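Sequence order for the protein chains is A and B.
Per my numbering, the first sequence runs over residues 1 to 490.
Per my numbering, the second sequence runs over residues 1 to 98.
Since no wrong hints were added, every one of them can be taken at face value.
Residues on chain B that point at chain A, a partial pick, calculated with CB under 8 Å:
{"hint": "1", "residue": "Met62"}
{"hint": "2", "residue": "Met68"}
{"hint": "3", "residue": "Ser70"}
{"hint": "4", "residue": "Ser71"}
{"hint": "5", "residue": "Phe87"}
{"hint": "6", "residue": "Lys91"}
Everything labelled a hint here was simulated from the structure, so no lab data went into it.
Please read all numbers here as calculations on a predicted model, not as lab measurements.
Quick reminder that beta carbons are idealized off the backbone N, C-alpha and C, glycines included.
Here's the letter readout for the chains.
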Amino acid sequence: MEFETIIGLEVHAQLLTKSKMYCPCSADYASASPNTHVCPICLGMPGVLPSINRQAVAFTIMSALALNCTIPSFTKFDRKNYPYPDLMKGYQISQYDFPIGINGFLSVETGGENKRIGITRVHLEEDVAKLSHRHNSLGESYSVVDVNRAGVPLMEIVSEPDIRSPEQARQYLMKLRTLLQYLGVSTGNMEEGSFRCDANISIRPRGSLEYQAKVEVKNMNSFKAVHRALTFEEERQRRAVESDERIIQETRGWVEEKGVTVSQRSKESAHDYRYFPEPDLPPLVVSGSWVDEVRSKLPELPEQRCDRFMRDYELSAYDAGLLTGSKAMADYFEACLNGGGVTRNASDKPKKAKTLGNWLLGEFTRLLNATNNEITGAKVSPAALNKLLELIEEGKINLTAGKAVFEEMFNTGKPAAEIVEERGLVQVSDRGDLERVIKEVIAKNSKAVDDFRAGKEQASGFLVGQVMRATRGRANAKIVQELLHAILSE
Amino acid sequence: MKLSREEVLNKALLARIGLSDEDVEKFREQLSNILENFTILQEVDTSDVPATAQSVDLKNVMRDDVVMPSSSQEEILMNAPRREDDFFRVKAVLEQEG
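With the rest of the complex left out, here is chain A (with noise of 0.2 Å):
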């Protein structure tokens, strides 16, 4: 039998205000000391009277936009009771049935075909306290929490269950995660915790269209874990399937050491949340004229940064789309773009911007994944690289050499001028001196020369060769070819 898998994701993103979402402790917990971030309100002390953060409403509102989603004139929060010792109070400051966005998309690619993925609802929430497990000397576990984190607004996109493999949630959340990056609202790191995703999968014979039990898949931190956790997981319903088992409706979680996923709890005892309105939080009444405000901040986002680069600078719709797909890789590109060297003037973008397009999405991608980096963290400036494009360009140095040169600069931030220095790349451009070493290398390659002579045209690339290898990848290989073609049709 032919299957289909049904998914749809649940991401939740840390947004980037200073204060907290109820009340105005620092939310910038990264590197502070446990529970020194912390007040009468994030603990729920009695009395207490939380508040809405405003530019948290906003960053919703905004990134709902960018979902194209419907932002209704009202919404409210509401308290999700559940008693877990990460929640201070014994419930969470959520949105129920009057979340801030609802009814958007969010477009994906895949394999050539472009999907509109729904956004069910777009709301705000608050994230949980740390909790670490520790063992005593007797080896039992217990916790410890700190509440640093607890009270971080954190903005909660539901999908519908409109994706259909693992390699498409991929996408989409990539694309989420560039959208949120765009808008300034995130920092989408999803190692870092700041992205987090759930996912719900179930399968059912193809053709059909009813849902069958679904099972909700936690833990994943990255994107290849998502990728890897789904693909097990639409493999495990399979055959469970077809070995005639009932798939059991549960939470499972994503063990990456092992690379399946197992079951956490049954959720057939479903939770009793027992949402209610909070009484210490009054409802919003989000006017148009705030929506139009907000609207008319929306920066430039992906999808017209990718048409904005075909357009004024030629690229391939390929290539731009790799490099608006990451906001930093986007912004170090037009900051070489812009930055001076060869392009002085408008005209010669195009041209700059096709050889940077390749050393960007080439030879600095290469590494940077490589080196598990990102290109935020690079060692190499614009300026540096600029540096670089430009003795390649002049001739100082060849392609070859300027990609080991690349590779140093990226390895210790040395300048360029500096490696080939040091590593004597200059390029020889000499035709007196290559001439000589033409000679030499026609002496010693007799078959080479006669297959030359008979119209092999491999044979000229394996003579270059030759004489790039006496010159230590020096030469100017442009130089070379025609001066061995001049000299061997003599």
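Please build the complex by placing chain B on the supplied structure of chain A, with the hints as guidance.
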């Protein structure tokens, strides 16, 4: 109508309160009385009254995103029934919960 024993025990579980057998009987009685009072309230015709969760006519009460000093670490941890280093210490979290 009186609440069942199971209903009372379920509420106790949700509130994480342990009840003795006598407690269960006592609360069956008391909670049932409360519910009966609500059935009286339900007799009022509210078809013209919009639902509300607020008794005061406030809306759009928000604060600017400005950081104010938090309490001191000592003040906060004074509330910890049990403290370890600079943390609240709690019992091990059971997998079935949460």
